[in-house]
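S.K.: So the sequences go chain by chain: R and X. Residue numbering for the first sequence follows my numbering, beginning at 1 and increasing consecutively. Residue numbering for the second sequence follows my numbering, beginning at 370 and increasing consecutively.
Hints listed in this document are in silico derivations from the structure and should not be mistaken for laboratory results. Glycine residues also receive a C-beta, built at the ideal position from the N, C-alpha and C atoms. Among the hints, a few may not be true.
Said to hold, decoys possible - To be clear about the criterion: a stretch of chain X counts as covered by chain R if any three or more of its residues have a C-beta under 8 Å from a C-beta of chain R, and this derived list gives those stretches:
(1) 574-581
(2) 587-596
Unchecked claim - Calculated pairs, DSSO-like style, for lysine-lysine (alpha carbon to alpha carbon, straight line, at most 30 Å):
(3) R/71 to X/597
(4) X/578 to R/71
(5) R/20 to R/153
(6) R/177 to X/457
(7) R/65 to R/128
Unchecked claim - Each pair of labels, with its calculated beta carbon distance range:
(8) X/530 to R/105: 30 to 38 Å
(9) X/578 to R/57: 49 to 57 Å
(10) X/578 to R/56: 56 to 64 Å
(11) X/591 to R/133: 26 to 34 Å
(12) R/314 to X/520: 55 to 63 Å
(13) R/177 to X/591: 33 to 41 Å
(14) X/578 to R/314: 16 to 24 Å
(15) X/578 to R/168: 51 to 59 Å
(16) R/115 to X/670: 35 to 43 Å
(17) R/57 to X/527: 45 to 53 Å
(18) X/502 to R/115: 47 to 55 Å
(19) R/168 to X/385: 38 to 46 Å
(20) X/416 to R/133: 52 to 60 Å
(21) R/133 to X/630: 52 to 60 Å
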Amino acid sequence: MTHIELRGVQKFFGEVQVIKDMNLVIEDNEFIVMLGPSGCGKTTTLRAVAGLETIDEGDILIDGKVVQHLKAADRDIAFVFQSFSLYPHMTVYENIAFPLRATRQSKAEVDRAVRQVADVLRIAPLLKRRPSALSGGDMQRVAIGRALVRSPKALLMDEPIGALDAKLREEMRTEIKRLHMKQGSTTIYVTHDQVEAMALADRIVIMNDGVLQQVGTPDDVYTHPANLFVAQFVGSPVMNVAEAHVAETASEARVVMPGAAEGFVFPRTLLGRLEAGGAKGDGLALGIRPEGVLVERERREGYLPVEAHIIEPLGSHDIIDLKVGTQMLRARTKAGFVPRPGEKVWVRIDPAQAHFFDAESGRSFGVRL
Amino acid sequence: MAAVKTPRQKVANQLAIAAVIVIAIIFLAPIYWIGSTAFKPRALATTVPPTVLFQPEVTPFVKLFTRRVQLNRPVEPGAYEAAPWWEKRIYDGGERVLRVGEDVQLSGYPDRFLNSLIIAVTSTLLAVSMGTLTAYGFSRFRVAGEQDWLFFILSTRMLPPVVVAIPMFLMYRVVGMTDTHIGLIILYTAFNLSFSVWLMKGFIDEIPKEYEEAALVDGYTRMQAFFKIVLPEAATGIAATAVFCFITAWNEYAFALMMTNRRAQTAPPFIPAQVGSGLTDWTTIAAGTFLFLLPVAIFTFLLRNHLLRGMSFGAIRK
Ligand SMILES: Nc1ncnc2c1ncn2[C@@H]1O[C@H](COP(=O)(O)OP(=O)(O)OP(=O)(O)O)[C@@H](O)[C@H]1O
Ligand SMILES: [Mg+2]
Numbered sequence: 001m002t003h004i005e006l007r008g009v010q011k012f013f014g015e016v017q018v019i020k021d022m023n024l025v026i027e028d029n030e031f032i033v034m035l036g037p038s039g040c041g042k043t044t045t046l047r048a049v050a051g052l053e054t055i056d057e058g059d060i061l062i063d064g065k066v067v068q069h070l071k072a073a074d075r076d077i078a079f080v081f082q083s084f085s086l087y088p089h090m091t092v093y094e095n096i097a098f099p100l101r102a103t104r105q106s107k108a109e110v111d112r113a114v115r116q117v118a119d120v121l122r123i124a125p126l127l128k129r130r131p132s133a134l135s136g137g138d139m140q141r142v143a144i145g146r147a148l149v150r151s152p153k154a155l156l157m158d159e160p161i162g163a164l165d166a167k168l169r170e171e172m173r174t175e176i177k178r179l180h181m182k183q184g185s186t187t188i189y190v191t192h193d194q195v196e197a198m199a200l201a202d203r204i205v206i207m208n209d210g211v212l213q214q215v216g217t218p219d220d221v222y223t224h225p226a227n228l229f230v231a232q233f234v235g236s237p238v239m240n241v242a243e244a245h246v247a248e249t250a251s252e253a254r255v256v257m258p259g260a261a262e263g264f265v266f267p268r269t270l271l272g273r274l275e276a277g278g279a280k281g282d283g284l285a286l287g288i289r290p291e292g293v294l295v296e297r298e299r300r301e302g303y304l305p306v307e308a309h310i311i312e313p314l315g316s317h318d319i320i321d322l323k324v325g326t327q328m329l330r331a332r333t334k335a336g337f338v339p340r341p342g343e344k345v346w347v348r349i350d351p352a353q354a355h356f357f358d359a360e361s362g363r364s365f366g367v368r369l
Numbered sequence: 370m371a372a373v374k375t376p377r378q379k380v381a382n383q384l385a386i387a388a389v390i391v392i393a394i395i396f397l398a399p400i401y402w403i404g405s406t407a408f409k410p411r412a413l414a415t416t417v418p419p420t421v422l423f424q425p426e427v428t429p430f431v432k433l434f435t436r437r438v439q440l441n442r443p444v445e446p447g448a449y450e451a452a453p454w455w456e457k458r459i460y461d462g463g464e465r466v467l468r469v470g471e472d473v474q475l476s477g478y479p480d481r482f483l484n485s486l487i488i489a490v491t492s493t494l495l496a497v498s499m500g501t502l503t504a505y506g507f508s509r510f511r512v513a514g515e516q517d518w519l520f521f522i523l524s525t526r527m528l529p530p531v532v533v534a535i536p537m538f539l540m541y542r543v544v545g546m547t548d549t550h551i552g553l554i555i556l557y558t559a560f561n562l563s564f565s566v567w568l569m570k571g572f573i574d575e576i577p578k579e580y581e582e583a584a585l586v587d588g589y590t591r592m593q594a595f596f597k598i599v600l601p602e603a604a605t606g607i608a609a610t611a612v613f614c615f616i617t618a619w620n621e622y623a624f625a626l627m628m629t630n631r632r633a634q635t636a637p638p639f640i641p642a643q644v645g646s647g648l649t650d651w652t653t654i655a656a657g658t659f660l661f662l663l664p665v666a667i668f669t670f671l672l673r674n675h676l677l678r679g680m681s682f683g684a685i686r687k
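Looking at chain X on its own, in the form it has when it is part of the complex:
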């Protein structure tokens, strides 16, 4: 049936669209702010009111990736002319790039970013896979004291993590796991595991056990049934859980700040530490933040179909 709308419905529709636009603007404003600052000339970064129209430049990103020092005398014109375009931008800012021989020295950002990726991805994989297996066990088998176990698992989330930060730090120092990748991976996996178990249990409970039973009767082992039937059916839940775990690990700041300082430091404690030489260089910080936002955005975007699809697309009659 074609939808014929009454004038009233039309007005309601337009109001709804207007409301959505307003809400979208409110939510996107900080992201726009970060994004625009990342491309601003330094002088325009802190103007009041904020500058909206400007000539975008990539200087903040050049600064973000290079190690620099302040110039103590003006650069020689010959050297300035010979420099590549990006180095000129740095000279323009009254700084020069540090080199070892001919090689440009990179800033700490790429390493920190890589650390963040390694730690967040690994801990997400661990938390989701362990959580899925645990949830499957709780969902499908009789576990003695099931309710108590589940409550115990949840209770690990009840204490604000910062409360245990100092003891954790001391323990980590004793076993030599401060400033190691594995240290943060274990920490973040432990953070996320309880959440992962609970979320996955909800999703797996939704999958009728007849699906596996059909596979069992049809000649498959429990393990095969799990991989061939349960995992594909739980894909939606796994995707959602993974996104949440990844965001938590990716954005974690307090423990990363305390537990790491160089080798295994992640991006969140690093970015604000890059105040630059002289006054705080907000454009470089914005550039670092802007790049830092991308992985979560991309990850979520890639999984959007799974996240949006309801669980009840199956052909089960209840």
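Isolated chain R (complex conformation):
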């Protein structure tokens, strides 16, 4: 039973503030993924929880107990470093046993614990090897084994698979998920790969520039991004964001992009919803994921004629850049749907998949139709 809480945590490196007023509650057995671009303070946050970094303001609580003054050794937390940090002068067995040797357990107990963890991680045949004789994936398993062997209160992982190649990363992702479901310990996992985050997390914590942007389930942050940063950071290909203004006709609302002759058709309720969300009419940004841009080869009711600019064939599907007014919208189509660039196609925006943001602050108006 472990419950971790950050209350108003601030951290400075010299003049630079790396963590800005961070508040976060992590429930028992939860798998939390911290996601954010490079340098946003993920590692620093994780190290602060582990006790490898001091904090300047706020409290860190583990099971309701304030711990920021405790040494790392006394917090009973395990840490998996991006670099794995296996001790080269020890065998795999000794590496995994190392944390237990700090405790007063008997040889037999240590041996049993090491072998059990090795079985779970499927590294039993490697126990006699040196780390230098291991593949990247195995090193990572050993590093996780070393973290799990003493059943810590919480497991912190800092980009544990970032150094592996794409195929192995996918494999290890599944492995980590399997392990979490089996062992079920409170986990904070840091990555800047949003696919990894979506695949693993119970809840995703998105950070940018030391500021917590949004906390929510993968589905939540994908379908209800709190701001433009989250909207564009999560999801691949990246969400289209375009300036737009809303025009009103008798029966419908029209979302017009700059330079475009006509607007996209939306239900009339959009206007009221935007107003309720706090939109003032101008300074509006439309966000739409490429799969929300619907493309047809023939004229259809409610579709606008545009030109296909660039086509990126990705095998299973194509990504097409469409010129709408002065802006570009990327759409996702079946492979080969539009044969050549320069072709005229018809597009519409699926109102159910559209997001609206304050262009200035980036805040979402929370409008979903």
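Let chain R serve as the given structure and place chain X with the ligands on it in line with the hints.
M.R.: Below, chain X with the ligands without anything else, positioned relative to chain R:
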């Protein structure tokens, strides 16, 4: 893939081997000279050109370890017959061994050799252990004025030691540390410390700090992490530093000559002083030098694996 060599590569290979042999001969020649002279009959030691083929004998070593005087009249045949084999060698050279009662008097060499060992080993241990701790501090903690301190430490090496020899000698005389083991140990430790700090800092900087952090998170104290993780990881660097410090202390001549004369005298100033009776006895000097070369050779040989092994054998992904 089996290496299939083209004729060109073969020729290049053979040229490289030839070059290595030539270089090895050049470097080994002085050692061969010393080694062969140490086993030569005295009459052959200074021939021009040098004698290469000769009947090796251990007489120089017998002379090296014994105290002798010149015979002023031929030895009596009875005494010669009764003497052990090594004493006969000395009689053959026109000398006799000094005895107190029945006991053969030893020369000063064994004591000087022991002094050298005590002083070099102790000062190496001190310089390396203090250097490692200091380097660890500089490498892992924020030290106010770190760069200035490091420069200061290095700057102690910038002055040629001989420049301060006279003041050092005077100071040592005042505090009564001339001709003491501790005096030379302190001197050599101070010599080597700056070097040791700098070298060890380089090695410890190479050890990722995540190694210790992993240990800290896993329930170890900083001290335990240092001994269990940092020291084993730094073994290569410690070995290299120790070899360098040992060689410096072992071979030091100028200060040893000035600061010591008997009790704490080391081998380097002693060996050339053993000119023997009459003309310089190069064979005995060579024997002393030959034995003197061995500890460094053995020490280096024992640590060769550490010295050769690169630092990057670890399992860290950068
Ligand atoms: N010891 C330090 N001293 C000074 N600045 C630091 C230190 N450690 C980190 N920083 C700075 O703090 C900021 C946050 O660093 P942090 O390592 O937490 O980022 P991150 O989100 O983990 O990035 P990445 O994805 O690249 O690992 C960066 O701008 C970094 O340069
Ligand atoms: Mg990081």
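S.K.: Now tell me if each hint is right for this structure.
M.R.: Against the structure, the hints come out as follows:
A stretch counts as covered by a chain when three or more of its residues have a beta carbon under 8 Å from one of that chain; for the stretch 574-581 of chain X and chain R the count is 3, and the coverage holds. For the stretch 587-596 of chain X, the proposed coverage by chain R is satisfied: 5 residues have a C-beta within less than 8 Å of a C-beta in that chain, meeting the threshold of three. Simply put, residue 71 of chain R and residue 597 of chain X have alpha-carbon atoms about 18 Å apart, close enough for the 30 Å limit, and the pair holds. A hinted pair counts as satisfied when its Cα atoms are at most 30 Å apart, and residue 578 of chain X with residue 71 of chain R qualifies at roughly 17 Å.
The straight-line distance between the Cα atoms of residue 20 of chain R and residue 153 of chain R is roughly 26 Å, inside the 30 Å bound, and the hint therefore holds. This hinted pair does not check out: residue 177 of chain R and residue 457 of chain X have alpha carbons roughly 86 Å apart, beyond 30 Å. For the given pair, residue 65 of chain R sits about 40 Å from residue 128 of chain R by alpha-carbon distance, which is inconsistent with the 30 Å threshold. A C-beta distance of roughly 54 Å is found between residue 530 of chain X and residue 105 of chain R, which places it outside the suggested range of 30 to 38 Å.
The hinted range of 49 to 57 Å is not satisfied by residue 578 of chain X and residue 57 of chain R, whose Cβ atoms lie roughly 25 Å apart. With their beta carbons about 21 Å apart, residue 578 of chain X and residue 56 of chain R fall outside the hinted range of 56 to 64 Å. Look at residue 591 of chain X against residue 133 of chain R: about 30 Å separates their beta carbons, and that is inside 26 to 34 Å. A hinted range of 55 to 63 Å holds for the C-beta pair residue 314 of chain R and residue 520 of chain X, which are about 57 Å apart.
For the pair residue 177 of chain R and residue 591 of chain X, the beta carbons lie near 35 Å from each other, so the given range of 33 to 41 Å is met. Residue 578 of chain X and residue 314 of chain R have their C-beta atoms about 41 Å apart, which leaves the hinted 16 to 24 Å range violated. For residue 578 of chain X and residue 168 of chain R, the Cβ-Cβ distance of about 26 Å falls outside the hinted range of 51 to 59 Å, so the restraint is violated. Between residue 115 of chain R and residue 670 of chain X the C-beta distance comes to about 40 Å, which sits within the given range of 35 to 43 Å.
Distance hint check for residue 57 of chain R and residue 527 of chain X: the Cβ-Cβ separation is about 46 Å, which falls inside the suggested range of 45 to 53 Å. For the hinted restraint 47 to 55 Å between residue 502 of chain X and residue 115 of chain R, the CB-CB distance of approximately 38 Å leaves it violated. A C-beta distance of roughly 41 Å is found between residue 168 of chain R and residue 385 of chain X, which places it inside the suggested range of 38 to 46 Å. Between residue 416 of chain X and residue 133 of chain R, the C-beta spacing of about 58 Å keeps the proposed range 52 to 60 Å intact.
At about 57 Å, the CB distance of residue 133 of chain R to residue 630 of chain X agrees with the hint of 52 to 60 Å.
The structure fails hints 6, 7, 8, 9, 10, 14, 15, 18 (numbered hints given earlier, in ascending order).
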